[in-house]
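Student: So the chains spell out like this:
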Amino acid sequence: MKRRDTGILGEKLARAFLKQHGYHILETNYRCPQGEIDIVAKHKGFLVFIEVRTKKSLEFGSPEESITPIKRERMKTTASHYRQTHDNLPPLWRIDVVAVELDQNGKLSRIELIENAVSEA
Amino acid sequence: MQKPSFTEEKNLEAQGYHRIAGVDEAGRGALAGPVVAAAVILPCPIEEPWFDQIEDSKQLSPTKRELLFHNIHQIAISIGIGIADNEIIDAQGIIKATRLAMKLAINQLSPPPQSLLIDYMLLPEVKLPQKGITNGDKLCFSIACASIMAKVTRDHLMIELDRVYPGYGLAQHKGYGTEKHLSHLHRLGPSPIHRQSFKPVRNMIEK
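Taken in order, these protein sequences are the chains called A and B. According to the working numbering, the first sequence is numbered sequentially starting from 281. According to the working numbering, the second sequence is numbered sequentially starting from -3.
The set of hints was computed from the structure by calculation and includes no laboratory data. Beta carbons: idealized from backbone N, C-alpha and C, even for Gly. Take the hints with a grain of salt, since some may be wrong.
[Claimed, not checked] Covered stretches of chain B (chain A as the covering partner; in silico rule of three or more C-beta atoms under 8 Å from a C-beta of chain A): (1) 39 to 52; (2) 64 to 73.
[As the list claims (entries may be wrong)] What follows is a list of derived Cβ distance ranges for each label pair: (3) A:ASN309 - B:HIS66: 22 to 32 Å; (4) B:GLN(-2) - A:ASP285: 24 to 34 Å; (5) A:ARG390 - B:ASN103: 49 to 59 Å; (6) A:ASN385 - B:PRO41: 43 to 53 Å; (7) A:ILE350 - B:TYR116: 19 to 29 Å; (8) B:LYS(-1) - A:ASP367: 54 to 64 Å; (9) A:HIS366 - B:HIS182: 53 to 63 Å; (10) B:GLU44 - A:LEU369: 52 to 62 Å; (11) A:ARG354 - B:SER57: 55 to 65 Å; (12) B:ASN103 - A:LEU306: 43 to 53 Å.
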């Protein structure tokens, strides 16, 4: 499986997982000049920006560890961009990460939701 | 030299406005060509490496202005440009024509602004909270960006118009009343894009 396919499969699994957990998905692959966010959703009165990190188990590090400080900043900027260009949004927002791990055959071996993974500070 | 700040933007944000358009014009005093207005909504917070280079467009070199024009284009939430040509200026007067250009620029913004910061004037016909700021292009970041967008857009337009109406040197002076422009005007008479209601042009016709 190619890297890109891994990503697409991961996002598909993540969307299904989020829906099961009560997330109402507003948009996927939101782009602005400063970056991209995989999923925008509403969840219990929060506006949530979700980054999906997909990895195959044998690669080093956990999926959530692969978010660099630069990526973190870009996500925050992109989240601000979304909030600025859309109206009637919940005032509270956060950034979550869904970590998806696949085995060598591309089967799901772990999926986990990390709420508020990228803090405001 | 004071740099434009975010004081006004921050005040409006604190009041709950998150799409604030800076509005400015270029070419109000020129003898030829249109008046061009720009309205710019910037991302907030804005963190760009070129950010402290923003100044009143008149203080910047043409090269730097051009660079910043592209930078602003890349990151802006939305940009609107409005143009009122010399016929509108002659028919309605420069103030009305400037207001019209500004309104056209604001109407182009999508998503629409929630409040306006305008250089020097107010637009009572536009039903949005607004503030006119004297020297806004020097003091207020969003207006300074709008002044760059308006100025560069108009400069490009005047370079085009120089090809259509050669001989006046429009590409160099952009229609402003420089000595060279006046001498060309004297020699050739006014072109179809000269503002006949402006005194130096009118004097040429009456002669």
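Student: All the hints need checking, so say for each whether the structure fits it.
Tutor: Each hint tested on the structure:
Only residues whose beta carbon comes within less than 8 Å of a beta carbon in chain A count, and the region 39 to 52 of chain B has 4; three or more means the coverage holds. Counting residues of the region 64 to 73 of chain B whose beta carbon lies closer than 8 Å to any beta carbon of chain A gives 3, which meets the minimum of three for the stated coverage. A hinted range of 22 to 32 Å for the beta carbons of ASN309 of chain A and HIS66 of chain B is consistent with their spacing of about 26 Å. Between GLN(-2) of chain B and ASP285 of chain A the beta carbons are some 54 Å apart, a value that contradicts the proposed interval 24 to 34 Å.
Checked against the hint of 49 to 59 Å, the pair ARG390 of chain A and ASN103 of chain B passes, with Cβ atoms roughly 51 Å apart. Against the hinted window of 43 to 53 Å, the Cβ-Cβ separation of ASN385 of chain A and PRO41 of chain B comes to about 44 Å, which satisfies the hint. In this structure the hint that ILE350 of chain A and TYR116 of chain B lie 19 to 29 Å apart at CB is violated, the actual value being about 40 Å. In this structure the hint that LYS(-1) of chain B and ASP367 of chain A lie 54 to 64 Å apart at CB is violated, the actual value being about 32 Å.
A C-beta distance of roughly 56 Å is found between HIS366 of chain A and HIS182 of chain B, which places it inside the suggested range of 53 to 63 Å. Look at GLU44 of chain B against LEU369 of chain A: about 24 Å separates their beta carbons, and that is not inside 52 to 62 Å. Distance hint check: the CB atoms of ARG354 of chain A and SER57 of chain B are about 31 Å apart, inconsistent with the given range 55 to 65 Å. Between ASN103 of chain B and LEU306 of chain A the C-beta distance comes to about 27 Å, which lies outside the given range of 43 to 53 Å.
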